[in-house]
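> So the chains spell out like this:
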Amino acid sequence: MINSKWEFTTASLIFCVVVFGQTSLSSATSEPPWWLHNSPRVFRHIAQDQQKAQGQNCKNRTLLNDRDKALCAMSQDIQKIVAAGAQVAFGECQHQFKMRRWNCTIPELDVQELLNSSILAINSREKAYLYSICSAGAAYAISRACAKGVLPLCSCDERIRRTSTNGLFEWGGCSEVLQGQMQLICKCHGVSGACTTKVCWKKMRNFRAVGNALFDKFEGATLVRYKMQKNRLRPTEKYIKKPTKRDLVYLQQSPDYCNYNKTYFFRSLGISGTSGRECNKTSLGTDGCEILCCGRGYKTLVREIQEKCDCNFSWDVTRVVCKWCIRMLEEYHCN
Amino acid sequence: MVGAVVENLSGRKLAVLGGLLVTAQVTCFLLGGIRTPAPSGTIQSLTTKCLDPVKDGSHDTWFIPWPTDRFGETLCERLEHIDEALGRNVTARQIVFASKLPHRKENATLDFSRWQQNLIGVLQVDVEYEPERNMAVLQVELTMDLRLGYRNKRDSEWHLLAESTETRTLRCSVENSQKEEVMGLKRRHAYDCDMIPLFELGNIHHDFYLLNIRLPSELMDGRKVNQNLGRLSDLTLTVIHGNGGFVKKWLAMKSAFLPIVSAAAAWFWARVLKLHRAPSLLESMLLALGVALSVLNVPLELLSLVFDTPWMPLVSDMRQGLFYATLLSFWLVFAGEHLMDDVERNKLSEYRKNLLSVGLGCLSLFVFDMCERGTQLRNPFQSIWRTRVGANCALAFIVMAAISAIVYFVFLSYLILKVFLNISSKRSALPAMSSLRRMHYEGIIYRFKFLMLFTLLCAAMTVVSFIIGQVSEGEWKWEDDAQIDIQYTSAFFTGVYGMWNIYVLSLLALYAPSHKRWPQESDTLSVSGEQLEFSRLPTEPTDAPGLQDLLQKQSLD
Numbered sequence: 001m002i003n004s005k006w007e008f009t010t011a012s013l014i015f016c017v018v019v020f021g022q023t024s025l026s027s028a029t030s031e032p033p034w035w036l037h038n039s040p041r042v043f044r045h046i047a048q049d050q051q052k053a054q055g056q057n058c059k060n061r062t063l064l065n066d067r068d069k070a071l072c073a074m075s076q077d078i079q080k081i082v083a084a085g086a087q088v089a090f091g092e093c094q095h096q097f098k099m100r101r102w103n104c105t106i107p108e109l110d111v112q113e114l115l116n117s118s119i120l121a122i123n124s125r126e127k128a129y130l131y132s133i134c135s136a137g138a139a140y141a142i143s144r145a146c147a148k149g150v151l152p153l154c155s156c157d158e159r160i161r162r163t164s165t166n167g168l169f170e171w172g173g174c175s176e177v178l179q180g181q182m183q184l185i186c187k188c189h190g191v192s193g194a195c196t197t198k199v200c201w202k203k204m205r206n207f208r209a210v211g212n213a214l215f216d217k218f219e220g221a222t223l224v225r226y227k228m229q230k231n232r233l234r235p236t237e238k239y240i241k242k243p244t245k246r247d248l249v250y251l252q253q254s255p256d257y258c259n260y261n262k263t264y265f266f267r268s269l270g271i272s273g274t275s276g277r278e279c280n281k282t283s284l285g286t287d288g289c290e291i292l293c294c295g296r297g298y299k300t301l302v303r304e305i306q307e308k309c310d311c312n313f314s315w316d317v318t319r320v321v322c323k324w325c326i327r328m329l330e331e332y333h334c335n
Numbered sequence: 001m002v003g004a005v006v007e008n009l010s011g012r013k014l015a016v017l018g019g020l021l022v023t024a025q026v027t028c029f030l031l032g033g034i035r036t037p038a039p040s041g042t043i044q045s046l047t048t049k050c051l052d053p054v055k056d057g058s059h060d061t062w063f064i065p066w067p068t069d070r071f072g073e074t075l076c077e078r079l080e081h082i083d084e085a086l087g088r089n090v091t092a093r094q095i096v097f098a099s100k101l102p103h104r105k106e107n108a109t110l111d112f113s114r115w116q117q118n119l120i121g122v123l124q125v126d127v128e129y130e131p132e133r134n135m136a137v138l139q140v141e142l143t144m145d146l147r148l149g150y151r152n153k154r155d156s157e158w159h160l161l162a163e164s165t166e167t168r169t170l171r172c173s174v175e176n177s178q179k180e181e182v183m184g185l186k187r188r189h190a191y192d193c194d195m196i197p198l199f200e201l202g203n204i205h206h207d208f209y210l211l212n213i214r215l216p217s218e219l220m221d222g223r224k225v226n227q228n229l230g231r232l233s234d235l236t237l238t239v240i241h242g243n244g245g246f247v248k249k250w251l252a253m254k255s256a257f258l259p260i261v262s263a264a265a266a267w268f269w270a271r272v273l274k275l276h277r278a279p280s281l282l283e284s285m286l287l288a289l290g291v292a293l294s295v296l297n298v299p300l301e302l303l304s305l306v307f308d309t310p311w312m313p314l315v316s317d318m319r320q321g322l323f324y325a326t327l328l329s330f331w332l333v334f335a336g337e338h339l340m341d342d343v344e345r346n347k348l349s350e351y352r353k354n355l356l357s358v359g360l361g362c363l364s365l366f367v368f369d370m371c372e373r374g375t376q377l378r379n380p381f382q383s384i385w386r387t388r389v390g391a392n393c394a395l396a397f398i399v400m401a402a403i404s405a406i407v408y409f410v411f412l413s414y415l416i417l418k419v420f421l422n423i424s425s426k427r428s429a430l431p432a433m434s435s436l437r438r439m440h441y442e443g444i445i446y447r448f449k450f451l452m453l454f455t456l457l458c459a460a461m462t463v464v465s466f467i468i469g470q471v472s473e474g475e476w477k478w479e480d481d482a483q484i485d486i487q488y489t490s491a492f493f494t495g496v497y498g499m500w501n502i503y504v505l506s507l508l509a510l511y512a513p514s515h516k517r518w519p520q521e522s523d524t525l526s527v528s529g530e531q532l533e534f535s536r537l538p539t540e541p542t543d544a545p546g547l548q549d550l551l552q553k554q555s556l557d
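Line order of the protein sequences matches chains V and D. Residue 92 in the UniProt record's numbering sits at position 92 of the first sequence; the count goes up by one each step and never skips. Residue 557 in the UniProt record's numbering sits at position 557 of the second sequence; the count goes up by one each step and never skips.
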């Protein structure tokens, strides 16, 4: 099953497995922190590793840490789930960055090229977001699979441990291990529905909520420097509040996303530029033509479009029944 | 009531007894608090979307989302997203939301245990927000074809447990925080819908359960349903089950209290019968309280380990109701019997007006419970709240029970107030009374005040721990408090249950007729001067020993 969709999935899988595994590294290790790893090199090795390991045992992979090896060895199921999660994550990223100069496009290169030369070479704010949304996507996909019961590997989060899983379940139940964007839901079920007995659980929210939250983190990300002596990250400016574990940090300023194919230390970054992008004439924000087109100006296009209108929403297979209307549309595209 | 133990007990004995009871109370609290799970747990199950290949297929097939064990189950054709069905010319009825419980965990096949007592299912509906439609609030009728099946480990196929077509109201709204307002529609994504109660099973008799839900767009009779549902993306079933660890400890506690309370009640009654007079009303009420508590203490739930007992919650509710009714009546009679207004009551019929509120309250709750749990015996998907008429009826019953409760407490407060007024008037008159008369009244006042204080303490503790429980349960408590390993909710249940057992026990022990007919013990004690004794005016000629005691004591002094 080699098609373009599969290619993309493979790339995102590699990407996500690395991120997913690395973020869980404890900060107390003697190794340099993961954000200092030379990421393209990591990707290259993983990619080679991946090719070598096709049909092989996960243990032979040199670059994966123990946790990743375990993850890799778990099952094809879990890899597929992580890949699907990565795709959801990229979709979300593109939705969130629709209105910005960098619109979360991953250059259309094959895996090797992508890993050799890409915007991922720079430890920028955008890369921090990509990493976070990607691991969030993987975690989300796995949580969903666990909640469906299709994945037999999910664990119980109960602290009281008994010998067997089944014994544990009888004793104290087994709820999902869930983290992050959750909503607390409670239900009363006492005598005659009275609230003497109440049980609460966490509900997974829509992934858009995760994307929104991470986008807020992206906007509040802090530029940091690595302090070798303390093995710690510190903000570059003294007056900036120290970032917490729940904030995004980055080490390098973002490259200029205005023009196509910027290079960075003689490497192509695979930046597509904003030329030809659609912009909003009236907006003063990042999606406004002034900012999005980097001052190059824009073209106005007037065309007739056919669109859905008077939609009748019904739960059925056809789902949305609409009429088609024709109207004139003004579009603005960057030069 | 004449001359109770409580008046004649020395301070030291009272302290020892009090210490024992406090120890028992702490034990009950710790029993639930330490190494015990919460009373109930949940399983969240995101339903798998299955495709029924047959357009007007018979309803006998089960759609199974994932395989369990060695019996090769035929799995359904799974859809990752409903849109996958779009181009395939399928009807809404052909999409089956399937959920099989419990889930596999840690590569082990889990199965339900009968210790887990009951199963309550609620449904969470995820509806996507549609910018084109731009509705902030969504309220629609959701019609579901529901099939609940079960299978045991040895069975090779699924059996039908219940089947029904149900309509529930779905209420959804878009989260509208300030941020969302500023950022506009881009950030709106999904409706936040109220959960829908789906089913309640009174016992878990089987190992595995399977739920199949269809959301047809047209019913068999041609009626169009589910038309305004919008973009429904997922159904999540959450089941609430009892936790075996808690149930085991709970039943152990009940079994331990059963012989103690029954023995205490028997001892109490034996003492009353020895008095050679007809038992007073208060004594009968105390016995009734002991019996009602013993009935509540019977670990009847053990039956569900062997037999299929869907009626268990109903019986449990009835037993609890019986106990509450007896306790409330007892308080009323106790206050009435201590009025000291020289009116001869001593008959239950004298209290019929006051007891009416208890009776009415309990009756309306009983009717409500029969309607809710009783109908669920036939159809677990049934709920009295489902229809408008039913919901109004249910509300009416609950309001009636609430009014009865208010009337009851007003009555009780009035009686207690009257007793206090009488006490103060009697107290001012006490010095002028003859010593025998004075001791009679002092005895009544002491007994009354003791019970008042004790009852208030118990009630206050119940209310306080209930409030703490409510607050702590509703908060985020999973995050960082891994060191504290006290399960508060369980401790609350065992603690409060233990407390009311101890309350009744001490009433039976302390308010039993005093054993003044064996004077040697009290003699030695009174000689040592450790105890302050009351004695009573003999109200009946048969109750002479009290007077004799007094005379003896005086001669000793």
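It is worth saying that the hints were derived from the structure and are not from the lab. Built from N, CA and C at the ideal position, the CB exists for glycine as well. Keep in mind that a hint or two might mislead.
What the hints assert, rightly or not - Rough simulated footprint, nothing fancy, chain V against chain D, three-plus residues with beta-carbon under 8 Å: (1) 38 to 52; (2) 102 to 108; (3) 226 to 240; (4) 287 to 301.
Said to hold, decoys possible - Pairs of lysine to aspartate or glutamate, DMTMM-like flavour, derived with a Cα cap of 25 Å: (5) Lys198/V x Asp317/D; (6) Lys187/V x Glu141/D; (7) Lys98/V x Asp341/D; (8) Lys98/V x Glu128/D; (9) Lys202/V x Asp317/D; (10) Lys242/V x Asp216/V; (11) Lys203/V x Glu130/D; (12) Lys203/V x Asp341/D; (13) Lys198/V x Glu130/D.
Claimed, not checked - DEER-style ranges, computed between Cβ atoms: (14) Ile467/D x Gln183/V: 20 to 26 Å; (15) Thr74/D x Gln183/V: 34 to 40 Å; (16) Asp247/V x Thr74/D: 47 to 53 Å.
> None of the hints should be skipped; say for each whether it holds.
Hints, one by one, checked against the model:
no.: 1; hint: 38 to 52; in the structure: holds (count 11)
no.: 2; hint: 102 to 108; in the structure: holds (count 7)
no.: 3; hint: 226 to 240; in the structure: holds (count 10)
no.: 4; hint: 287 to 301; in the structure: violated (count 0)
no.: 5; hint: Lys198/V x Asp317/D; in the structure: holds, 17 Å
no.: 6; hint: Lys187/V x Glu141/D; in the structure: holds, 21 Å
no.: 7; hint: Lys98/V x Asp341/D; in the structure: violated, 85 Å
no.: 8; hint: Lys98/V x Glu128/D; in the structure: holds, 20 Å
no.: 9; hint: Lys202/V x Asp317/D; in the structure: violated, 29 Å
no.: 10; hint: Lys242/V x Asp216/V; in the structure: holds, 17 Å
no.: 11; hint: Lys203/V x Glu130/D; in the structure: holds, 22 Å
no.: 12; hint: Lys203/V x Asp341/D; in the structure: violated, 61 Å
no.: 13; hint: Lys198/V x Glu130/D; in the structure: violated, 34 Å
no.: 14; hint: Ile467/D x Gln183/V: 20 to 26 Å; in the structure: holds, 24 Å
no.: 15; hint: Thr74/D x Gln183/V: 34 to 40 Å; in the structure: holds, 36 Å
no.: 16; hint: Asp247/V x Thr74/D: 47 to 53 Å; in the structure: holds, 50 Å
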